[in-house]
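K.L.:
What follows is each chain in one-letter form.
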Amino acid sequence: MVQEFIQWLNDSTLAATIQASALMFPWFESVHVLAITLVFGSILVVDLRLLGLASVGRPVTQLVRDVLPVTWIAFAVAVITGAAMFISNAVEYARNFPFQMKMVLLVLAGLNMLVFHFVTCRGVGQWNEARRTPFGARFAGGFSLLAWVGIIAFGRWIGFTIGF
Amino acid sequence: MLSNLRIFADWLARTALSETIQNVSWIIPAVQTVHIVCVAIVIGGTFLVSLRILGVFAPSETIAALANRFLSWIWYALILLLVTGSLLIIGEPGRSLLNPAFALKMAMLVVVAGLTVLLQRPLATDAGFWDVTGGRRLTAKAIAVLSLVLWSCIVFAGRWIAYVTAY
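If you're matching them up, the sequences are chains A and B in order. Under our numbering, residues 4 to 167 are what the first sequence spells out, in order. Under our numbering, residues 283 to 449 are what the second sequence spells out, in order.
Hints in this document: simulated from the structure, not taken from any laboratory. In this text, a Cβ means the ideal position worked out from N, Cα and C, and glycines have one as well. One thing to keep in mind: the hints can contain errors.
[What the hints assert, rightly or not] Chain A is faced by these chain B residues, among others (derived, beta-carbon under 10 angstroms):
id, residue
1, Val306
2, Val324
3, Leu336
4, Gly337
5, Thr344
6, Arg351
7, Leu353
8, Gln402
9, Leu405
10, Ala409
11, Ala444
[Claimed, not checked] What follows is a list of derived Cβ distance ranges for each label pair:
id, chain 1, residue 1, chain 2, residue 2, range
12, A, Gln6, B, Val306, 31 to 37 angstroms
13, A, Thr164, B, Asn286, 33 to 39 angstroms
14, A, Arg68, B, Ser368, 28 to 34 angstroms
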């Protein structure tokens, strides 16, 4: 089922169009890199706050409210451009190990965020303005930071290992 | 000029350090990863400050507070970018030094670094510097837009080094 979908993407007219163009893939890639740097650069502000390393004078909830819209818009751009690159060579990407690891880390980063929002943040009133946040919040910040560095690293490795 | 650059690139490619980078396959992607992480710090910091000046990010914080928090980081990141960027050049001198996309990237970098200093400097002594007159507010907004455009183009040019053929 998934295999057939990937094969269908791979053989689609859209895939052929992207492959036939000399400019489309490099532009998707360029915008993808810009989007990812903004995703990581902005989420890093929150991660470092949770770790107590920066922006410690700002309440956590306020900082999250300010920063996350920027992160989400950049993330949406990264998903769209990433999907376009994936479609252009779907079968090869799907079986590429760094690509698979990048997707695993993305899912883990998402789960980490969900746990932070719905579990860790329940008692945020008690540490919203504290420099030192509880273990759960520090863990969320550290995990997010490492996951995104991993996502960038595996993303870069795709380019060196993908078969065409 | 160009032939001198070519001679320099050829010499650089034959150094022991360059040969090591060429022969150990993980060095280039690893250095590129550090490079991109540092680019993320610069893009995050400069974009958030620019978006604040344009009024679309964190209106409850002052420009000076954000500039103090974020812009101080980007200079450290820029030092690491210079180091990792130099390693990438040493590894593949012909690919970058003789590449128009690389030349454009460096030119834009010099301009935007100057603009950032111009924006950051007065805030050190006068936190409200960019807010006091209409002219200054407009200047700050112009710098913010230029900064967003130039940093984006720097990232694009960096990626296009891989696609533009060197001289």
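K.L.:
Against each hint, give a clear statement of whether it holds in the structure.
P.N.:
These are the hints, each one checked on the structure:
About 13 angstroms separates the beta-carbon of valine 306/B from the nearest beta-carbon of chain A, more than 10 angstroms, and the hint is not met. Using the Cβ-Cβ criterion of 10 angstroms, the hint placing valine 324/B at the interface with chain A is satisfied: the shortest such distance is roughly 7 angstroms. With its C-beta approaching chain A no nearer than about 12 angstroms, leucine 336/B sits outside the 10 angstroms limit, and its interface hint is violated. Among the interface hints, the one on glycine 337/B is violated; its C-beta lies about 13 angstroms from the nearest C-beta in chain A, farther than the 10 angstroms criterion.
Taken as an interface hint, threonine 344/B does not check out: its beta carbon lies about 12 angstroms from the nearest beta carbon of chain A, beyond 10 angstroms. Hint on arginine 351/B holds. Least Cβ distance to chain A is approximately 6 angstroms, under the 10 angstroms limit. Taking 10 angstroms as the C-beta cut-off, the interface hint given for leucine 353/B is violated, the closest approach to chain A being about 13 angstroms. Interface restraint check: glutamine 402/B against chain A, minimum CB-CB distance 17 angstroms, threshold 10 angstroms, status violated.
Because the smallest distance between the Cβ of leucine 405/B and any Cβ of chain A comes to about 17 angstroms, over 10 angstroms, the interface hint for this residue is violated. Among the interface hints, the one on alanine 409/B is violated; its C-beta lies about 14 angstroms from the nearest C-beta in chain A, farther than the 10 angstroms criterion. Because the closest C-beta pair between alanine 444/B and chain A is about 8 angstroms apart, less than 10 angstroms, the hint holds. Between glutamine 6/A and valine 306/B, the C-beta spacing of about 36 angstroms keeps the proposed range 31 to 37 angstroms intact.
In this structure the hint that threonine 164/A and asparagine 286/B lie 33 to 39 angstroms apart at CB holds, the actual value being about 37 angstroms. The hinted range of 28 to 34 angstroms is not satisfied by arginine 68/A and serine 368/B, whose Cβ atoms lie roughly 40 angstroms apart.
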